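> This is what each chain is made of:
There are 2 protein chains.
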Amino acid sequence: MNIVCSQKELSNKINIVQKAISSKTTMPILKGIYLEASNGKLKLIGNDLEMGIETHMDCEVTKEGKAVIDSRLFGEIIKKLPESFIEIELDDENNITISCEHSEFKLRAMDSMEYPQLPSVEENEYYEIEESVFKDMIKQTVFAISQDETKPLLMGELLEINDSKMSLVAIDGYRLAIKSGDIKNSIGNNKVVIPGKTLNEVNRILSLDDKVFKMALTSKHALFLVDDTKIITRLLEGEFLNYKQIIPSEYNLKVKVNTKSLLRSIERASLLAKEGKNNLVKFLIKDNVLVITSNSEIGNVHEEVNIELEGEDLEIAFNSRYLIEVLKIVESEEIVMEFSTNVSPCIIKNVEFDDYIYLLLPVRIN
Amino acid sequence: MNIVCSQKELSNKINIVQKAISSKTTMPILKGIYLEASNGKLKLIGNDLEMGIETHMDCEVTKEGKAVIDSRLFGEIIKKLPESFIEIELDDENNITISCEHSEFKLRAMDSMEYPQLPSVEENEYYEIEESVFKDMIKQTVFAISQDETKPLLMGELLEINDSKMSLVAIDGYRLAIKSGDIKNSIGNNKVVIPGKTLNEVNRILSLDDKVFKMALTSKHALFLVDDTKIITRLLEGEFLNYKQIIPSEYNLKVKVNTKSLLRSIERASLLAKEGKNNLVKFLIKDNVLVITSNSEIGNVHEEVNIELEGEDLEIAFNSRYLIEVLKIVESEEIVMEFSTNVSPCIIKNVEFDDYIYLLLPVRIN
Chain H
8 MNIVCSQKEL
18 SNKINIVQKA
28 ISSKTTMPIL
38 KGIYLEASNG
48 KLKLIGNDLE
58 MGIETHMDCE
68 VTKEGKAVID
78 SRLFGEIIKK
88 LPESFIEIEL
98 DDENNITISC
108 EHSEFKLRAM
118 DSMEYPQLPS
128 VEENEYYEIE
138 ESVFKDMIKQ
148 TVFAISQDET
158 KPLLMGELLE
168 INDSKMSLVA
178 IDGYRLAIKS
188 GDIKNSIGNN
198 KVVIPGKTLN
208 EVNRILSLDD
218 KVFKMALTSK
228 HALFLVDDTK
238 IITRLLEGEF
248 LNYKQIIPSE
258 YNLKVKVNTK
268 SLLRSIERAS
278 LLAKEGKNNL
288 VKFLIKDNVL
298 VITSNSEIGN
308 VHEEVNIELE
318 GEDLEIAFNS
328 RYLIEVLKIV
338 ESEEIVMEFS
348 TNVSPCIIKN
358 VEFDDYIYLL
368 LPVRIN
Chain Z
8 MNIVCSQKEL
18 SNKINIVQKA
28 ISSKTTMPIL
38 KGIYLEASNG
48 KLKLIGNDLE
58 MGIETHMDCE
68 VTKEGKAVID
78 SRLFGEIIKK
88 LPESFIEIEL
98 DDENNITISC
108 EHSEFKLRAM
118 DSMEYPQLPS
128 VEENEYYEIE
138 ESVFKDMIKQ
148 TVFAISQDET
158 KPLLMGELLE
168 INDSKMSLVA
178 IDGYRLAIKS
188 GDIKNSIGNN
198 KVVIPGKTLN
208 EVNRILSLDD
218 KVFKMALTSK
228 HALFLVDDTK
238 IITRLLEGEF
248 LNYKQIIPSE
258 YNLKVKVNTK
268 SLLRSIERAS
278 LLAKEGKNNL
288 VKFLIKDNVL
298 VITSNSEIGN
308 VHEEVNIELE
318 GEDLEIAFNS
328 RYLIEVLKIV
338 ESEEIVMEFS
348 TNVSPCIIKN
358 VEFDDYIYLL
368 LPVRIN
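Line order of the protein sequences matches chains H and Z.
Just so you know, we're using our numbering here: the first sequence kicks off at 8 and counts up by one.
Just so you know, we're using our numbering here: the second sequence kicks off at 8 and counts up by one.
Worth flagging that the hints you see were computed from the coordinates, not collected in a lab.
The structure presented is a predicted model; accordingly, all values stated were derived computationally and were not measured.
A portion of the hints provided could be inaccurate.
For chains that are exact copies, the list does not tell them apart, and a pair is met inside one copy or across any two.
[Claimed, not checked] Calculated pairs, BS3-like style, for lysine-lysine (alpha carbon to alpha carbon, straight line, at most 27 Å):
# : residue 1 : residue 2
1 : Lys289    : Lys113
2 : Lys87     : Lys281
3 : Lys281    : Lys221
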């Protein structure tokens with residue numbers, strides 16, 4: 008292999024594939040980046056066997072070939088080289104020489120024959136989705152994924168497709184987050200569970216604009232095609248919770264409140280809640296005022312927030328961390344909260360649309 | 008005590024005095040901020056018995072008094088309150104009420120009678136120094152302070168005053184840093200050792216402009232007066248190393264080099280040096296080229312930097328971390344390096360002036 012390429016572009020591409028490389032892997036070859044040069048292109052791959060990222064860039068190929076180089080060291084070297092052209096050469100003894108202006112590095116490469124191939128997900132039909140739409144869906148649900156390794160399925164999100172509508176659903180046993188969006192085409196319904204780690208990486212490479220990317224789903228894998236980059240992930244196996252059953256269809260009281268005012272009051276109240284280590288904040292909903300209180304040995308706090316109330320009074324308590332996480336990512340100025348009793352879930356919704364739904368279990372109080 | 012003050016100003020002032028409060032103290036009262044309201048002013052103090060910070064702000068005092076409140080909690084509460092007016096009230100049972108708009112916190116205060124007084128450093132005469140001058144002196148030497156707790160004196164810096172000249176000197180056994188500056192007046196010579204932690208805090212409150220601040224030195228303490236803020240610190244006791252003896256007066260070769268080019272080459276070479284865990288980079292100085300090399304099991308690197316050389320050739324090795332730390336804070340475009348042999352110290356200087364001197368011991372190589 009012998010190539011010449013731009014330092015800046017190579018450094019960007021290394022950053023992309025490094026996201027799929029785990030430093031904790033027990034297979035040393037997976038700590039490497041796979042490079043393959045042919046037809047004026049350099050292909051880069053990172054792979055941790057659950058998720059693989061493949062990307063491509065233009066380069067001058069004097070001699071075609073393949074190499075696997077330690078990802079961390081390769082990334083650091085390329086990042087520190089001057090913004091110029093870099094030559095990368097592999098000799099027959101698997102020694103790599105990286106040259107750039109007055110710098111020359113010689114490194115041992117790993118055996119590229121040992122590198123595991125990415126699973127092939129060759130689909131003829133792709134879902135077409137606007138990048139910003141899917142990015143928002145991930146951002147507004149991914150925080151509610153479970154971190155509990157004994158429930159592997161809840162460490163992913165359900166992606167449900169019905170005609171040209173899709174939803175992402177995350178549940179961790181205490182709360183549920185749903186966010187919906189549109190697909191640009193309609194190629195059939197589907198229901199898969201995508202690992203949270205993959206969704207975080209997809210979020211990272213998606214842009215904020217309305218450019219369209221492609222997605223394919225097989226029974227075992229999902230494929231995301233964004234510009235020159237391909238993310239392939241294993242799907243999580245098993246039956247996801249029937250989330251629709253959990254969402255109450257009726258309520259006894261409905262509160263309309265300014266999102267930021269509520270967030271700031273809960274954040275302040277949680278300063279004392281934290282001292283008590285249980286994160287507990289109490290709500291007293293009455294007469295168009297929401298009173299938030301919290302107590303610990305060191306003191307107590309009383310916060311008042313103006314609301315519009317429909318229905319009865321209620322006293323209910325929450326883990327403040329869960330409320331804060333939801334209120335921080337909700338983008339609408341006002342939200343609606345629906346309550347039934349102080350032991351049944353609270354629903355948080357957009358005032359006008361149903362594009363997101365959050366459900367939160369209360370903490371039982373005496 | 009009963010006061011009303013601005014949220015923003017109080018939050019700023021808390022930030023300043025918190026720097027003197029250690030969360031690791033064994034005296035619970037020292038985890039608090041001392042507040043004293045009188046004559047339209049609020050005084051705030053933080054103190055860890057080595058260093059104390061006192062600052063003042065305007066406020067409306069309805070009732071004079073003193074209180075000590077848990078620093079972390081008080082700081083977090085004030086920071087999270089809206090940008091408005093805050094009322095702070097202490098009752099006879101030592102309960103503090105903090106009110107602001109729709110928020111009310113009740114906290115237990117600590118006994119203000121228990122709070123240790125700051126040592127009084129009342130001097131009639133003060134050294135007058137431009138803030139930016141002393142700030143630069145600290146910034147360009149403080150990295151060379153020893154972190155070795157068995158050598159407490161080297162965890163501080165020597166401040167030496169001769170007429171209207173002053174120098175800060177840091178030594179850690181492998182390197183030495185000296186930076187000099189002017190005093191605006193001349194009130195007598197002095198030689199004290201100031202703890203590194205204090206210098207870091209003084210650096211933080213000094214601005215980048217040429218405003219003058221005041222400094223007083225007694226046999227046990229130093230006092231820094233910057234605007235409304237007073238930093239009082241214990242001095243370190245003992246005889247500081249006679250650093251002038253260590254600095255060689257002659258050299259066999261002198262190298263003039265661009266600071267950034269040298270820094271970047273050493274940073275790249277150190278990527279492989281780090282792999283070998285000894286940080287070792289080798290210099291070969293010959294014919295107006297400085298060749299930097301480093302080896303480890305994983306590979307090797309060869310870097311070339313153009314220099315102007317006066318004198319003989321030399322092969323010498325350094326710990327790359329020490330070189331990188333010096334080159335990162337040197338502000339001049341070019342530096343001069345003076346060498347004698349490959350076992351004697353290297354001197355790094357400004358090309359034109361003698362306002363800074365760095366000395367670095369080489370690593371012995373075979």
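> Taking the earlier hints as the rules, which of them does this structure contradict?
3
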